[in-house]
Structure formats: C-alpha cells, structure tokens
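Put together the whole structure using the sequences plus the hints.
Here the protein sequences come in this chain order: A and B.
Heads up: the first sequence runs through residues 1 to 168, numbered per my numbering.
Heads up: the second sequence runs through residues 1 to 231, numbered per my numbering.
Any given hint could turn out to be false.
Stated by the list, open to error - Pair ranges (Cβ atoms, derived):
1. B:S111 to A:V122: 47 to 53 angstroms
2. B:K9 to A:A42: 54 to 60 angstroms
3. B:L156 to A:A34: 32 to 38 angstroms
4. B:F79 to A:A34: 25 to 31 angstroms
5. B:G114 to A:V122: 46 to 52 angstroms
6. A:A42 to B:L156: 28 to 34 angstroms
7. B:R185 to A:R85: 43 to 49 angstroms
8. B:P169 to A:A34: 34 to 40 angstroms
Stated by the list, open to error - Just a sample of chain A residues kept apart from chain B, beta carbon distances all over 12 angstroms, derived:
9. L31
10. A34
11. S35
12. V39
13. A42
14. G60
15. L123
As the list claims (entries may be wrong) - Straight line, CA to CA, 20 angstroms or less: simulated SDA-like cross-link-like pairs of lysine to any residue:
16. B:K9 to A:T86
17. B:K9 to A:L92
18. B:K9 to B:I43
19. B:K9 to A:R85
20. B:K9 to A:V64
No wet-lab data here; the hints were simulated from the structure.
Positions of the beta carbon are idealized from the N, C-alpha and C atoms, including for glycine.
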Amino acid sequence: MLVMSSVISRASRTSVGAPQGRREGTFTGLLVAASIVAVVSAYVVVSDTPRPFESMVVLGPATVITGTLVGRWFGPRRRRGSMVRTTLAMALFATAVGDLFVGFGLALTGMGDAGNGPVFAVLYSVGIAFMLWPLGLIFYGLIALPITFVASVIWWQLMGVLLARQRR
Amino acid sequence: MSDPTSIAKLGSLTQVVFAVLLGTLASIAPEPGFLPRGVVLFIGFAMPAAVGALGLARRRPALLGAAGLTSFVGAFVAFSGVTMIFLFPAVLFAYGAVQLQVSRPATRRDSLAGGIVRGAAAVAIVVLLVGAGASALVITDEGCWAVYRGPADARLAFLPYMAGEAVVPSGAGSVMCSTGMISPRGVGLAVLLWSGALLLADRSSRRRRGSYVSGNGTHWPSATPTATNSG
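Quick look at the structure:
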C-alpha cells in the first residue's frame, strides 16, 4: 500500500509534467487509500473473517491516514514543515501503521476467537508498540520508544499465552 | 497552518466521527436493555470531544489535555483492539494542547496558581469521564432474550436470566444470555459523572470578567484597544 501510494503519487506528478503541490499529493494518497479500503472491505465481507466489521473500522481510518501522509511526503515540497509538525505527522503515521497491524490481526485471526496463534501475537505486539511510542515521543522523548516497545511486546505475548491456556 | 486551534478542531471532529463508527458497530448485534449499547458507547466516546471543544472555545490547553488523556484511556477499552482508533484523536488533542500553549506569549500567560488549579481540574475531568464510561459499561444487569426471526426482521423477547442450560421457547430461533446488559443504575451514575465533568470543565475554564481572548489565542486585558472577543 505504501509503495502503491508513493508510486502513484510520483507517477501522476511525472505525467502532468509540472510541479505539483502537496494538496495533489494528499489527494492522490487519499484516492489510493480509498481504493485499498474498498478492496480490503470487499475481501473482509466475502471471506470468512471472524470480526469483519471491527477489522474494517480499524483498517479504514488507518489506511486513509497512512495513504494521505505518504501522498503528502512523496509529493514535491514547496517549503519544509516545522519540526513540531513533522513530529505530529510521524506520530500519526506510526499510529496508523500500528492500527494497520491490529486491523490485519483482527481480519486474519480475530481477537478472542479461535485460531489465535503466533501470527496474531506478532501482529498485535508490533501494532501496539507502533501505536504507543508516538505519545511517548511527544511526552517523554526517545526514551519511551524502547521501553514501550519492549513492554508492549512482553504484555501481548503474555496475554496470548494466557488466552491460549484459558482456551485449553 | 496559522490557526493554532486547527489540529485540536480536527481532533474533536475525529473523536465524534469515530464515536459514531463505534456506536454503529455496537448496534449491529442488538440486545434488549435499558438503553442500546451503541448509544452508550457513542455518548461515552463523544464526551472527550465535548470537553475538547470547550477547551478550544475558551483557549484552555488543560481541557484539550484532559480530552486527549481520556481518549487515550478509551483507546484501550475493547479487548479486540477496535477502540485503538481513538489514539488518533488522542495524538491530535495532545498536539493541539501543546500548540495552543506555545502560541500564547509568555508575558500574557496565566499565573502559576491558576495553571495548577486548571491542571487539577483537568485531572478530575479525566477521572470523572473515565468513571462515567466504566460505570455505564461495568454496572450491568443480567438477562436472557429469545430471538424470533420473521420473514423481514428479527424480534427480541426478554426472558429472566438462566444460569444453567437455556431453554428455547417454542417458535424462537435462539436464546442468548448476557451478564453485561446496560442497566439503569450504571447509566444513571454515568449521567451524573458526565454532567459533573462538563460542569467542572465549564467552571474551570471561565475567564475573569473584563478579559478577552483575541483571534489568535492571545489573552488580553480589557483595556487593550485592539482586543477582539472570540472566546
């Protein structure tokens, strides 16, 4: 999805032959994201996904935000944004990527449903870690990144083990 | 982005849209109860947006911080991970609070004591909002209901709670039981706490009589001839 967003954003700029603004990049990213959401939604509805609506609610905003930000970043820049705004964009991007992991985790395995295994644990661990560190970055600086990452991985692995034991 | 409140506005809007999404999601599988679960979830998750909007209108970063923190806590409510989407408005609120605080000139900032009072009020608002959400979803009733499927729609009939094996009444398609049905006690307490949070947000964010907030968020005394009242 990221590759597609960037490629289409770049391709549209080349084909137009004139420098495009960030607005066009954003629009392209949004368009690509919307198409991906439509495809994923169709897949989720048609396939035997345990939690179809939950996964769509998580995946929808995450894909749109990721697509928008990628579209903006890969579009030509008229001026550099401030450090604070870049931090916000990075925070939103990381949260969106984290949500993508959780959304796919829901779509593929479904939290609390049968069939949860290592794939589920890894998707959730990485997703939660991605989502937690931006808030840590804003409030506590880079120290929060490794701490939240390690803590969330351990937490979700433990939860996975506990859930598996409970089901047996 | 010249307007220091634009990101926080986006946060409030996102919070409401996501609350609608979650409420709709919870209404897909209906259950009998005092109030539909979707409505309770919508109100609970829209409350931070209301607090954030008040903070925006009165240019109070503490209220935006409270909205962000409540949204952050709410993001971890659902074990399925579906509420994780509320981390987006949480980030936006947090950023909006910082942006609003930084945009105010140091010479015009409020006193330290006032800041501490508003910070304490913000913490209390978070506690009240989280408590309200928890009481609405945790103080629940138990009960069973039979699902009668007609040609066009399904009808639900309430039954007393059956601890053992559920007995399906004649004509019913299935019987479902739950110990987590939305109860009047839980919602009643939640309404009290929500009202308390909004009241506290309103009271703690009021500005002194005779002072104004200009369009860019600067706090001016009333004697300043260039002041405009938008807050």
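Outcome of the hint check:
1. Range check, S111 (chain B) to V122 (chain A): about 51 angstroms between beta-carbon atoms, so the 47 to 53 angstroms window is met.
2. Between K9 (chain B) and A42 (chain A) the Cβ separation comes to about 33 angstroms, which falls outside the hinted range of 54 to 60 angstroms.
3. About 36 angstroms separates the C-beta atoms of L156 (chain B) and A34 (chain A), a value consistent with the hinted range of 32 to 38 angstroms.
4. Evaluation of the 25 to 31 angstroms hint for F79 (chain B) and A34 (chain A) yields a pass: the beta carbon distance comes to about 29 angstroms.
5. In this structure, G114 (chain B) and V122 (chain A) meet the distance hint of 46 to 52 angstroms, their C-beta atoms being roughly 48 angstroms apart.
6. Roughly 31 angstroms separates the CB atoms of A42 (chain A) and L156 (chain B), a value that falls within the hinted 28 to 34 angstroms.
7. The hint said 43 to 49 angstroms for the Cβ distance between R185 (chain B) and R85 (chain A), and at roughly 46 angstroms that hint holds.
8. The hinted window of 34 to 40 angstroms between P169 (chain B) and A34 (chain A) is violated, with their beta carbons roughly 46 angstroms apart.
9. Even its closest Cβ contact with chain B, about 20 angstroms, leaves L31 (chain A) beyond 12 angstroms, as expected for a residue assigned away from the interface.
10. Annotated as non-interface, A34 (chain A) keeps its C-beta farther than 12 angstroms from every C-beta of chain B; the closest such distance is 16 angstroms.
11. At roughly 20 angstroms, the least C-beta separation between S35 (chain A) and chain B is larger than 12 angstroms, which holds for a residue marked as non-interface.
12. Look at V39 (chain A): its CB is around 20 angstroms from the nearest CB on chain B, clear of 12 angstroms, so calling it non-interface holds up.
13. Every CB of chain B lies more than 12 angstroms from the CB of A42 (chain A), the least distance being 18 angstroms, so the non-interface label holds.
14. Here G60 (chain A) does not stay apart from chain B, with its beta-carbon only about 8 angstroms from theirs, under the 12 angstroms limit.
15. Interface exclusion of L123 (chain A) from chain B breaks down, the closest Cβ pair being 10 angstroms apart, not more than 12 angstroms.
16. Of the pairs offered as hints, the one joining K9 (chain B) and T86 (chain A) holds, with about 18 angstroms between alpha carbons and a cut-off of 20 angstroms not exceeded.
17. For the hint pairing K9 (chain B) with L92 (chain A), the CA-to-CA distance comes to about 16 angstroms; that is within 20 angstroms, so the pair holds.
18. With a CA separation close to 19 angstroms, the supplied pair K9 (chain B) and I43 (chain B) stays within the 20 angstroms bound.
19. Distance check on the hinted pair: K9 (chain B) and R85 (chain A) sit about 15 angstroms apart at the alpha-carbon level, within 20 angstroms; holds.
20. The straight-line distance between the Cα atoms of K9 (chain B) and V64 (chain A) is roughly 19 angstroms, inside the 20 angstroms bound, and the hint therefore holds.
Checked against the numbered hints above, the structure violates hints 2, 8, 14, 15; every other hint is satisfied.
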